[in-house]
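Knowing the structure of chain A, use the given hints to seat chains B, C and D on it.
So you can see what is in the structure, the chains are spelled out below.
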Amino acid sequence: MEGLKKEPKTGLKEEPKNAAGEKSRLACGTCVTLCGEPLSNPVIPASGTFGYGAEFAKLYDINILGTFSFKGTTREPRYGNETPRIAECASGMLNAVGLQNPGVDKVISEEIPRMGKFFSKKVMANVSGFSLDDYVYTCERLDAVEKVGWLEVNVSCPNVHGGGMSFGTSAEPAAKVTSAVKKVCRKPVIIKLSPNVTDIVSIAKACEAAGADGVSLINTLMGMRIDISKRRPLLANKTGGLSGPAVFPVALSMVYKVAAAVKIPVVGMGGVSCAEDVIEMMMAGAAAVEVGAANLVDPFACKTIVEKLPEVMDRYGIKNLSDIIGVSNNG
Amino acid sequence: MEGLKKEPKTGLKEEPKNAAGEKSRLACGTCVTLCGEPLSNPVIPASGTFGYGAEFAKLYDINILGTFSFKGTTREPRYGNETPRIAECASGMLNAVGLQNPGVDKVISEEIPRMGKFFSKKVMANVSGFSLDDYVYTCERLDAVEKVGWLEVNVSCPNVHGGGMSFGTSAEPAAKVTSAVKKVCRKPVIIKLSPNVTDIVSIAKACEAAGADGVSLINTLMGMRIDISKRRPLLANKTGGLSGPAVFPVALSMVYKVAAAVKIPVVGMGGVSCAEDVIEMMMAGAAAVEVGAANLVDPFACKTIVEKLPEVMDRYGIKNLSDIIGVSNNG
Amino acid sequence: MKQVFLKIKENQLIAKNTMRMVLTGDISPAPQPGQFVNIKTDGFYLRRPISVCDADGETLTIIYKIVGGGTEKMSKLARGETLDVLTGLGNGYDTSVSGDRALLIGGGVGVPPLYLLAKRLISEGKDVFAVLGFNTASEVFYEDEFKALGAKSVTVTTVDGSRGVKGFVTDALPCGCTYFYTCGPEPMLRAVYKALETDGQFSFEERMGCGFGACMGCTCRTVTGYKRICTDGPVLKKEEIVSWKD
Amino acid sequence: MKQVFLKIKENQLIAKNTMRMVLTGDISPAPQPGQFVNIKTDGFYLRRPISVCDADGETLTIIYKIVGGGTEKMSKLARGETLDVLTGLGNGYDTSVSGDRALLIGGGVGVPPLYLLAKRLISEGKDVFAVLGFNTASEVFYEDEFKALGAKSVTVTTVDGSRGVKGFVTDALPCGCTYFYTCGPEPMLRAVYKALETDGQFSFEERMGCGFGACMGCTCRTVTGYKRICTDGPVLKKEEIVSWKD
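Chains as they are written, first to last, in our numbering: chain A, 1 to 331; chain B, 332 to 662; chain C, 663 to 908; chain D, 909 to 1154.
Chain A extracted, bound-state conformation (with noise of 0.2 Å):
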């Protein structure tokens, strides 16, 4: 919270992708970059409420997206949690689903080759494992698909026992993940981190000291609900991910001080539910913001945000958003 921080964090480097950014950056208002990676705007829709995007790409062109992150891909299929896996809270939701997905395999053989049908953008695939051999196998096989611009690691999944989380609650395995990670991938590695932990900020360093290119937080909170009529737990699985605007207070200060704390871009996420909710992250120091639960209640959500944007600018007299990165952080 004391760090100082002048300069936005876009992840520029001196590479010629970066001109791209750069000139993308002066191109529009709305322009940011994500390592280096040109995007039209920071809305993102976050891994595991947008599928692959074909049942958003019905509702509207989903090009209008700085991109989206799709459902989080383990090496094998995984069906997932038993049900209920869903749970309803004031201003959020409990989710437990357990990283259903086909398996890399099919996600690679059917579901992004389908996805290019009405994404004509780079996707972000969001990686999940149960041992650092997942992780290396699954993240190679998706640096090697075209269309996939970034790889989001999840080492913070709360809903898989001795799953992603565990590697994701201490600086070591955190680090150790993002290394091995590294060595194999040529696309920016982006490291998803869990918000149930005393010190993000050291686990967030820990990952750039071992070559993240990027960090993306919060991952869901640990919540529960009871059924007080059955005496039980609601969730098959007990407790569950919460997120939604209740989060968003715990979302935006870790963000600021995650933000502070490392040079790499930060991804806000959180509870992001409009235009402002965008820029408070921003200013909080987030480069892109994704966009999680809002878009399971209300299925336009980013669409609207990303029309909203330029007005809600306007209103706050902000010109260019990859100028508000940070701002509200005077050290």
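These aren't lab readings, by the way, just hints derived from the structure by calculation.
Some hints here could point you the wrong way.
With a Cα cut of at most 20 Å, we get these calculated PhoX-like pairs of lysine-lysine [unchecked claim]:
#1 C:Lys702 to A:Lys303
#2 C:Lys664 to A:Lys58
#3 C:Lys669 to D:Lys984
#4 C:Lys735 to D:Lys924
#5 C:Lys814 to C:Lys788
#6 B:Lys650 to A:Lys230
#7 C:Lys889 to A:Lys106
#8 B:Lys478 to B:Lys536
#9 D:Lys948 to B:Lys634
#10 B:Lys478 to B:Lys452
#11 D:Lys973 to B:Lys561
#12 C:Lys738 to D:Lys915
#13 C:Lys702 to D:Lys981
#14 A:Lys122 to A:Lys147
#15 A:Lys122 to A:Lys58
#16 D:Lys924 to D:Lys981
Okay, now just chains B, C and D, sitting in the frame of chain A:
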């Protein structure tokens, strides 16, 4: 979460006062005991949301409460943080009051005697400190006050720099405070734990091992809001503590896990706003329940909860609240 | 799926804790029997999925039970208020395979989707036999409405026998039907599954995050793989169901 | 303090982003000038503290500015709706010390509490001189209302000079007053503090948690110790203020 727990945690010990506890428990359906001390009901306004009771005693007879935990007390008087100290969030609020209080001398010489005029029961004394000595000194002073029935030792205040929080974020210092305080106190000592940690269960167990008579959780979650027109944090302290219904699911899962892991009573709190929430919190494992932010937005919140409890118990077929403590945890 | 803002034309109690709401506005395309809508309620984060009971050009009718805060709040909404509704959700029942004697079995708020289905089947010239199960007389609704549609028989069962046949729907199943359609609590669906030889279709309930296939919150296993209740369902054919095979 | 449920009799725009709401119901005991009410708005966690502009036996009038989601939502409430309101909050102005020529200085939505104060002072037979500051003509309100009360003079200032005196309230302060009362943004209060020799009273704003003294969210330092704006204030006497002494 896997911990088996067949016995409700009412904190009964083989001591004479427990007979009273037993009797009172049999006496009425809402009766419970906290660390052996009988409560006519489990509803306890949380420290920092009820002052010393005077504002609420003007509105209703606060003797209907189980008890209440008064404003956090430190060795020396404190002004606290600069204003703004309050920010609104979805289904909750941030506060960064920073332990404003007149200091233990004035609390004992002025506040507690005044309290006697409108509150006839034993009160819970909430204590914070900046050093082991602080905690020991302040607890010893308050333990000697006849009116004090329990000591709630706050090792988790998120709003004082280098303050209580640092004692609450790892097991060892929390245990140190616990055993030091226990040495000088005859009254039950309840350690108030921070949710801003990776493993609250290990901290709770450390406190239990160090002699704590109970633990209370959760204190507020660290959060933040930014004024996007001023481009700076809303709170003078930058970050604050999130409370209100937004944190209820997080509190519930932590209470569930801690209650399954310790034998001492757990006081559950975090976003509790109605009688159903009290019951849900007790089914998670709470022996008593503190109500915080709800008192601020609805000064009659605790009165309503206490009055509604019997009716809601009937609806869910609950004869005695002491029977449902931890029932949701079937291992 | 479509997001529409519909006006409340009617919102009234028709049985114990059971409300009927009639909505007007753009309800095109015409809902299929067995499809549901997902309704936003102020102060509650998730939408409430409720199956369509009836629909014509201008109005859409739903019947819902007051079970919690959300439906409680819905029950207090006044005529003229506007609701944010996602329409056209779910696959709906397939009437092409029914044969000429269709048996419709509903339990509690599983009854409403069968009303639109009965309407459709009868319009297709098929005979409809309805068995409607409830706990007690005060909860019974739509017996007359099914008769008015021209169902060949409408049998009501109540667990306590306070109305119609005493017992469960499986105690009152007529013979000689070519196919069945059912909707209700899972124990009832399981009982129907075991009681009937003929093929049929089941409409399932599950807690949903989105209701349109994005969140994988309502997945179930079928013989043809994992399916999302909200989009691949809520209607599954008997032969798809694995979990009750024993 | 008292919790009451008041009905909205009127809720209309009276100037740019400025709404007047008239509430009816049990508004006893009669609010003192400078006191405020704390209003619950659906969908927002904290109440909105708003100072009382006027009150008689049956009605209570407030004037509020649309500054965020909460007040935006309030501005959309219709006549007839009921609000959960905490009344009788704060200490209010002390009129006993005013002398016979009272100067009232308001800025923006700091003007409303001075209206009820003017009414009171005039009823006590004192001369009232009002200076009302705004940014621009479109934001001006209640100039005529103050005149109608019988204020000896009512001067309007606008920063852009589009109405009345160009500049700030401190550019239009009359002489010869015995005492002053002011309410408005802190920069204005500071300017008034420095500009006037006479004693007076200031009404302060601060973000509040509860509004009735429980949370210590709105504490400030005074020469007589720490005070809670919500209960020991919002009105402080000039001699109590420390922070501007230099």
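ask   = So which of the earlier hints does this model not fit?
value = 4 and 8
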